[in-house]
Every structure is written in C-alpha cells, then in structure tokens.
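Given the coordinates of chain R, work out where chain U should sit on it, guided by the hints.
Line by line, the protein sequences are chains R and U. In terms of my numbering, the numbers along the first sequence are unbroken and rise by one, the last being 213. In terms of my numbering, the numbers along the second sequence are unbroken and rise by one, the last being 213.
Quick caveat, the hints were computed from the structure, so don't treat them as lab data. From a predicted model like this one, the values you see are computed outputs, not experimental measurements. Positions of the beta carbon are idealized from the N, C-alpha and C atoms, including for glycine. Accuracy of the hints is not assured; some may be wrong.
[What the hints assert, rightly or not] Which bits of chain U does chain R cover? Going by a derived footprint, with three or more residues having C-beta under 8 Å, they are: (1) 173-187; (2) 191-197.
[Claimed, not checked] Chain R stretches covered by chain U per the calculated footprint, using a threshold of three residues with CB under 8 Å from any CB of chain U: (3) 101-110; (4) 142-148; (5) 175-184; (6) 189-203.
[As the list claims (entries may be wrong)] Here are the computed distance ranges between Cβ atoms for each label pair: (7) Asp-96/U <-> Gly-203/R: 27 to 37 Å; (8) Val-176/R <-> Arg-119/U: 34 to 44 Å; (9) Ala-158/R <-> Gly-101/U: 18 to 28 Å; (10) Asp-32/R <-> Gly-70/U: 50 to 60 Å; (11) Glu-60/U <-> Asn-204/R: 30 to 40 Å; (12) Glu-80/R <-> Gly-101/U: 25 to 35 Å; (13) Gly-172/U <-> Glu-84/R: 51 to 61 Å.
So you can see what is in the structure, the chains are spelled out below.
2 protein chains.
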Amino acid sequence: MDIGVIGSGMVGRALTGKLVELGHDVVVGTRDPGKLDEWLGQVGGAARVASNAEAAGHGEIVVNSTAGVGALDALTLAGEENLEGKVLMDVSNPLDFSGEGLPTLFVEDTDSLGERIQRSFPNARVVKTLNTINASVMVNPNLVGDGDHTVFVSGNDADAKARVTELLRSFGWRDVIDLGDISTARGTEMAIQLWLRLMMALGNFNFNFKIVR
Amino acid sequence: MDIGVIGSGMVGRALTGKLVELGHDVVVGTRDPGKLDEWLGQVGGAARVASNAEAAGHGEIVVNSTAGVGALDALTLAGEENLEGKVLMDVSNPLDFSGEGLPTLFVEDTDSLGERIQRSFPNARVVKTLNTINASVMVNPNLVGDGDHTVFVSGNDADAKARVTELLRSFGWRDVIDLGDISTARGTEMAIQLWLRLMMALGNFNFNFKIVR
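Bound-form chain R, shown alone:
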C-alpha cells in the first residue's frame, strides 16, 4: 500500500521501518530531508523522503507521527487537498515539553488533539491510535508479554477504523478496542499522564496497557 508518514522523529522512523518491512511503499514527509539521509540508509532505501505535501499526496493512508505541538502546522503544510478522503492515522499526543519535569497536556478533557485535527481537516478520516504505546512496542507488540495487550482506535469513520485495524493486525496487534468516535481520543490522550508515571516507576518504556475483561 502507498503510505505517507508526516513526522520523522522516533515514532515516525519506527513506523516507517515496520511499514517498509511489511512491503509498503512509504514516503516520509519532512522539512529537512538532509537530516534523514543516514537513517534512510539503515531502512534500506525502500522509503523515500519528500515534502509533507508529497508524502501526504502519496499515501492512501497518511500517518501523523509529529510531536503533538507541531501536528496542525505540519498537516497544514501537507495540504488539505492531499488529505481529502484519506485515512489519517494520528498517533500524536498533545504534550507540552517546554516546562520542567514531565510534559503536560496542552488540551483539556473537553477536547483532544485528535478532534482538533478532525475539525481542521474535515474531509480527512482521522483515526487516533497507538498514542498510548512506546514506539518500539507499537511496531513490535511481542516485545512485551507475548503481545497479549491492547491498542485502541478512535474515529468517526467505520471504514477508516477497519483499515487502520487491519494495519495494526499486520504489526502483530491482536487486541484492538474500538472506543468509538474521535472524541474518545480524549481518553487515550489523557492516559498518557499515567503512561508517563509508569515509565518513571518501571524505569523503562517497554510496557503497555492490557484491558482485562
């Protein structure tokens, strides 16, 4: 499948590597292609680097793996016309790293970054997912607990959620919970505050939530 990845930080790189490994044709969008040369060499050259607009235009599915604080700007660069009708898989979190200590949320629980993105790009089909999980576990759920844990999807479009769920299953995810419409991203985005305290208490990133029921 043709996939565009907007955001080339740790999460974007992990997802790109996995998508290439699965045989997808990936274009990574960035404002500074030069800085990605070394990393692209590691991926094996099967991914291309381009502008955000080219990456978005390329993808049937477009991934938003930007730092949350820059998400709307990066997607504006990607261009509304390039997101029209697309599945926009949003894995970002609304975290503000500018203060001391652990990052804080820049969205309160009466809104979410997922909803802001959906409102800003009403013709994109936003699916919030993977934002409760560390990059290494996102693309390799078997890294912890034999993959017996949970990933969530939130979005207004059932077909878009089905396509994202299929992609997640190809990563190895077995327990995918559909929380409901995009407003349910409020739940997963706020849960990052528990994730951060667990990361501090456990002393590593390799853990995940399982919903036992």
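Just chain U, lined up with the frame of chain R:
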C-alpha cells in the same frame, strides 16, 4: 483493624462490606445516618454509622470514598485532628458530573485531588489507590481475568503505602504498582477519562487495566 470510611456511596459501601467480611472494625461516616439503615442491615450490623469526625477518629486507616467534588468538605468535617498521622486512603476521583455527557475532570494535569487533600491535611499520610477501578472489582479483583490485573498506589509516605498495599493484598490484589509520590496521582486520576470511554465501549464496568511488562 479499626477503619473509618468517609463517604457512603457505592464505593464506600463496597469497601465497608469487604472490610467487615475481612474482620475489620469499621465506622462509616455520613451526614445522614438514617439513609444507611437498610444497607447496614445487609452488611450484618458489624459496621457502625457515625459522624465523619467519629469515623475518622476511630480509624487507624481512614478511607476517603466520597465523590471527589465533596472530598475536601467531607474531610474538613472529619477534622484535621482526627486525621493526624493517619493513613488516609484516597479512592476518590476529581470528576464533575454537573454537565451533559461524560463527567469532566475538575483538576488539570499540573495538580491532582490526591495532592490537594495532602496539602489540606499535611499531617495525614495520603495514599491514592483504587481510583482506576470499579467498586465491584476493587473489592473482588477475581471478578475479571482471574485477578490478573493491576492496582496503583501513590503517596509520600513509604510506611503508609506499605500498609495500604497489605490491605489491597488482603482484598486479593496481586499486582500493586507503587507509582511514587502523591503527585503521581495525576496519572491515575486522568486515566479515568480512558476508563470512562472503555466503560461506554465495552458496555459494562467489570474490566481493569493490567500493566504488561
């Protein structure tokens, strides 16, 4: 052990029932003892009802199971002198039910209700716990997934956390994660927003988070 329970809603009743079953001497604090008569009959009379002050004065451990919005008022009625040096097990959540739809948090992620209680009663030893779990599962973890899921503790006092952990183990909890000081209650309190969406999506209350690591 002598235990005082402040707050006689669903959570306070579930905890009182379990504590009585385990042989503890429980006094439930309320502003309206009459309304508890029928329920007390069901518990078997092994718990007594009294004022918040009497309940707090009675307990070596005092449980705050009030609705979060009334927690500080109820504990003020309980009296600072009755909480002095006590383990104050806070199971409340900072939820505002006054709007339409799902409740919202009345504390942002730069503070928590657990911290507010600790600041208001500096000589109490506040331990936040059980607030991520439904009342029926709190007191009977085996109700879901053979009890193979997680409860969190947050607090500044190691001895208080150890005593609460011992009490949790007597309820059947096997996986107790110490998140750190009372500020880590920010994590568990915000996670209630994910819990609420899960409750809606799953259509019931009997589930819990397990931290797979």
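Checked hints:
Judged by the Cβ-Cβ criterion of 8 Å, the stretch 173-187 of chain U is covered by chain R as claimed, because 7 of its residues qualify and three suffice. With 6 residues carrying a beta carbon less than 8 Å from a beta carbon of chain R, the stretch 191-197 of chain U meets the three-residue requirement, and the given coverage holds. Counting residues of the stretch 101-110 of chain R whose CB lies closer than 8 Å to any CB of chain U gives 5, which reaches the minimum of 3, so the coverage claim holds. Requiring three or more residues with a Cβ within less than 8 Å of a Cβ of chain U, the coverage given for the stretch 142-148 of chain R holds, as 3 such residues are present.
Here's how the stretch 175-184 of chain R fares: 5 of its residues keep a CB closer than 8 Å to some CB of chain U, so the rule of at least three is met and the hint holds. With 11 residues carrying a beta carbon less than 8 Å from a beta carbon of chain U, the stretch 189-203 of chain R meets the three-residue requirement, and the given coverage holds. Taken as a hint, the range 27 to 37 Å holds for the pair Asp-96/U and Gly-203/R, whose Cβ atoms sit roughly 35 Å apart. Between Val-176/R and Arg-119/U the CB atoms are about 41 Å apart, so this pair conforms to the stated range of 34 to 44 Å.
The hint said 18 to 28 Å for the Cβ distance between Ala-158/R and Gly-101/U, and at roughly 21 Å that hint holds. Range check, Asp-32/R to Gly-70/U: about 53 Å between beta-carbon atoms, so the 50 to 60 Å window is met. Between Glu-60/U and Asn-204/R the CB atoms are about 36 Å apart, so this pair conforms to the stated range of 30 to 40 Å. Separation of Glu-80/R from Gly-101/U is about 29 Å and conforms to the stated range, judged on CB atoms against 25 to 35 Å.
Range check, Gly-172/U to Glu-84/R: about 53 Å between beta-carbon atoms, so the 51 to 61 Å window is met.
Comparing the model with each numbered hint stated earlier shows that all of them hold.
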